[in-house]
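From just these sequences and the hints, can you work out the full model?
The residues making up each chain are set out below.
Number of protein chains: 2
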Amino acid sequence: MLRMGDEEVILLDFWCSMFGMRVRVALAEKGVAYEYKEQDLRKEYKSQQLLEMNPVHKRIPVLIHNGKPICESSNIVQYIDEVWNDKAPLLPSDPYQKAHARFWVDYIDKKIYENGRKLWAEDGEEKDAGKKELIESLKVLEGELGDKCFFGGDTFGYVDIALVTFYSWFYTYETFGNFSFEKECPTLMAWVKRCLKKESVSQTLPDSEKILEFAVFMKKTYFTKSS
Amino acid sequence: MLRMGDEEVILLDFWCSMFGMRVRVALAEKGVAYEYKEQDLRKEYKSQQLLEMNPVHKRIPVLIHNGKPICESSNIVQYIDEVWNDKAPLLPSDPYQKAHARFWVDYIDKKIYENGRKLWAEDGEEKDAGKKELIESLKVLEGELGDKCFFGGDTFGYVDIALVTFYSWFYTYETFGNFSFEKECPTLMAWVKRCLKKESVSQTLPDSEKILEFAVFMKKTYFTKSS
Numbered sequence: 001m002l003r004m005g006d007e008e009v010i011l012l013d014f015w016c017s018m019f020g021m022r023v024r025v026a027l028a029e030k031g032v033a034y035e036y037k038e039q040d041l042r043k044e045y046k047s048q049q050l051l052e053m054n055p056v057h058k059r060i061p062v063l064i065h066n067g068k069p070i071c072e073s074s075n076i077v078q079y080i081d082e083v084w085n086d087k088a089p090l091l092p093s094d095p096y097q098k099a100h101a102r103f104w105v106d107y108i109d110k111k112i113y114e115n116g117r118k119l120w121a122e123d124g125e126e127k128d129a130g131k132k133e134l135i136e137s138l139k140v141l142e143g144e145l146g147d148k149c150f151f152g153g154d155t156f157g158y159v160d161i162a163l164v165t166f167y168s169w170f171y172t173y174e175t176f177g178n179f180s181f182e183k184e185c186p187t188l189m190a191w192v193k194r195c196l197k198k199e200s201v202s203q204t205l206p207d208s209e210k211i212l213e214f215a216v217f218m219k220k221t222y223f224t225k226s227s
Numbered sequence: 001m002l003r004m005g006d007e008e009v010i011l012l013d014f015w016c017s018m019f020g021m022r023v024r025v026a027l028a029e030k031g032v033a034y035e036y037k038e039q040d041l042r043k044e045y046k047s048q049q050l051l052e053m054n055p056v057h058k059r060i061p062v063l064i065h066n067g068k069p070i071c072e073s074s075n076i077v078q079y080i081d082e083v084w085n086d087k088a089p090l091l092p093s094d095p096y097q098k099a100h101a102r103f104w105v106d107y108i109d110k111k112i113y114e115n116g117r118k119l120w121a122e123d124g125e126e127k128d129a130g131k132k133e134l135i136e137s138l139k140v141l142e143g144e145l146g147d148k149c150f151f152g153g154d155t156f157g158y159v160d161i162a163l164v165t166f167y168s169w170f171y172t173y174e175t176f177g178n179f180s181f182e183k184e185c186p187t188l189m190a191w192v193k194r195c196l197k198k199e200s201v202s203q204t205l206p207d208s209e210k211i212l213e214f215a216v217f218m219k220k221t222y223f224t225k226s227s
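Protein chains in written order, with UniProt numbering: chain R, 1 to 227; chain L, 1 to 227.
Check each hint, because a few of them may be wrong.
All copies of an identical chain are treated as equivalent in the list; a pair is satisfied when it fits inside any one copy or across any two copies.
To be verified - Heads up, simulated DSS-like pairs for lysine-lysine below, C-alpha to C-alpha not over 30 angstroms straight-line:
#, residue 1, residue 2
1, Lys-110, Lys-198
2, Lys-198, Lys-220
3, Lys-193, Lys-46
4, Lys-139, Lys-43
5, Lys-87, Lys-30
6, Lys-110, Lys-46
7, Lys-68, Lys-148
8, Lys-219, Lys-110
9, Lys-46, Lys-98
10, Lys-68, Lys-210
11, Lys-110, Lys-58
12, Lys-183, Lys-58
13, Lys-198, Lys-210
14, Lys-46, Lys-139
15, Lys-219, Lys-43
16, Lys-58, Lys-139
17, Lys-58, Lys-148
18, Lys-98, Lys-87
19, Lys-139, Lys-68
20, Lys-46, Lys-132
21, Lys-37, Lys-132
22, Lys-37, Lys-110
23, Lys-183, Lys-220
24, Lys-110, Lys-132
Rather than coming from a laboratory, the hints here were simulated on the basis of the structure.
Here it is, written out as C-alpha cells:
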C-alpha cells in the first residue's frame, strides 16, 4: 500500500480507459503516489472492491482516498485539484473561467467517447454517423482552442486532461474510419504534441498499437453481429 | 434590465424546463434579481441572443452575467453558488462532500430526464423501458436520501435543486405511465413535500396540469409517428 504521510490513495482502473487515464494524468501532475489496481471489467469477474466502491455504476475509474470512494472521472479530477491544491492547479480559480472549463469537459464527455466507440465498434450507418460527429466535435474543440497554447491558456489544465487521453485512441479511430487526424484537425494535433511534452501525459498514455489490437479483439468478441 | 448594484443578470429559459427551473430555484435561494427572457425553442424561431450566447448547444438555460454567458444547468448552479457566496451555500465546502454531491447530480442528469421523456413521448417497448428505469433510478435516489431531511443533510442544496424540479413533471409521468409515485417512492415524496415548503421551490415550479397539457400537445405535434 503506497502512502504519502497519512494518505492512502488507490485507483481502480483499466489500462486503456481514457477516463481512467484522466485520473492518472491528474495524479501525476500533482505528484501523488498511489496504488494502481487493474480491474477485470467483464460482468462476472468484477472485483468485490469495485462493486463495493462504485455500487451505482459498477465501473472504473474509482479513486479511493483514505477508504472513501470518488467516482466518475471528471468529478475525480476536480476532487484531486481541490484536495492537492499546493501545486499544478488544474481548474482556474475565477468562477467564470471555471464554469467555462467545466462546460468544455462536459462537451467532451457528451461528444467524443460515444462517437469514437461507434466508429470502431459499429458498422454501416451508425459507424459513419459516429465518424462524422467525432470529427465535427473535434473541429468545434479546435475552434475553442484557437491560437492558445492549451485550452486554459498558457498552462495545461482540466480541459486538456479531459481531451488528451483520447489521443491514445486516435490511431484506432483513424484505422477503423480510414481518415487522418493530421489532415482533419491540424491545430488539435499541434496541441496534442504540446501535451505530449508533459511527462504526466507521455508516461500515462498507452501504446496506440496496443489499443488498436484491443479494439480489434473487442469488436470481434463482443460487437460483431452474427449474420 | 434588472440590476443589483453593478450586476446585470439575464436568464434565457423556457417555462417548463426542469433544467431552467434549477437555475431559477438557485437564483431565488441566493436572492438574486434577474431579467427572465422566455425563449421560443422551435428551430426556426430561436432568438439571435440564444444562438449567440450558446452557439455550441443552442439551448436553454443560459445565464448571462454582466454580458458573459454560462451554459448547462448544473454548471450554472455551481457558478451561482461560487459567485453569490454570501448566503445559502448550495454545495458543501468539503472536497469529498462536494464530489459526492456532484456525483449524484450527474446521476440525475444521466437517468431522470431521458427516461421521463421516453415515458411520455414514446410508445410500446421504449415507453415501458423508460418507465421501468425512471422508477428504478428514483428508488436508487431514495436509497441515497435515506432518513436525511435533504440530500445534503439538514439543508436544502445542490442535489435537492437538481432533482426537485422534475417533480413538476411527476403528474405527467404518472398520467402517461399509469402508476403512482406516492406508492412507488413514498420516501422521495416526503422529501418533495419538505422541498415545497421552500418558497424558492414552490414559487418556481409551474402548475403540473399545465405541464401535462404541454406534454400532450408536444406528443401529438412532434412525437406521434404516423402509421
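Same-copy or cross-copy closeness of Lys-46 to Lys-98 [CA-CA at most 30 angstroms]
between (35 angstroms within a copy, 27 angstroms between copies)
Between copies, within a copy, both or neither: which fits Lys-98 and Lys-87 at Cα up to 30 angstroms?
Answer is both; intra-copy 17 angstroms and inter-copy 20 angstroms each pass.
Regarding Lys-183 and Lys-220, is the shortest C-alpha distance of 30 angstroms or less found within a copy, between copies, in both, or in neither?
within (29 angstroms within a copy, 45 angstroms between copies)
Tell me, please, which holds for Lys-139 and Lys-68 at an alpha-carbon limit of 30 angstroms: within, between, both or neither?
between (38 angstroms within a copy, 23 angstroms between copies)
How would you label the pair Lys-58, Lys-148 (within, between, both, or neither) given a Cα cut-off of 30 angstroms?
Result: close only across copies, 24 angstroms inter versus 38 angstroms intra.
Quick one: Lys-110 to Lys-58, C-alpha cut-off 30 angstroms, is that within a copy, between copies, both, or neither?
Close inside one copy (20 angstroms) and across copies (15 angstroms); limit 30 angstroms.
Identical-chain pair category, Lys-58 with Lys-139, by Cα at 30 angstroms
Between copies only: 17 angstroms across chains, 33 angstroms inside a chain, cut-off 30 angstroms.
One pair to classify: Lys-68 and Lys-210, alpha carbons no more than 30 angstroms apart. Within, between, both, or neither?
Intra 33 angstroms, inter 44 angstroms, cutoff 30 angstroms: neither.
Pop the pair Lys-46 and Lys-139 into one bin, within, between, both or neither, using alpha-carbon distances up to 30 angstroms.
Between copies only: 24 angstroms across, 37 angstroms inside.
Give the relationship of Lys-46 and Lys-132 under a CA distance limit of 30 angstroms: within one copy only, between copies only, both, or neither.
between (34 angstroms within a copy, 25 angstroms between copies)
Is it within, between, both or neither when you check Lys-219 against Lys-110 at 30 angstroms Cα-Cα?
For Lys-219 and Lys-110, both the intra-copy (22 angstroms) and inter-copy (26 angstroms) Cα distances are at most 30 angstroms.
Have a look at Lys-37 and Lys-132 and pick one of within, between, both or neither, based on CA distance no larger than 30 angstroms.
neither (36 angstroms within a copy, 34 angstroms between copies)
Checked against the numbered hints given earlier, this structure breaks hints 2, 3, 10 and 21; the rest are met.
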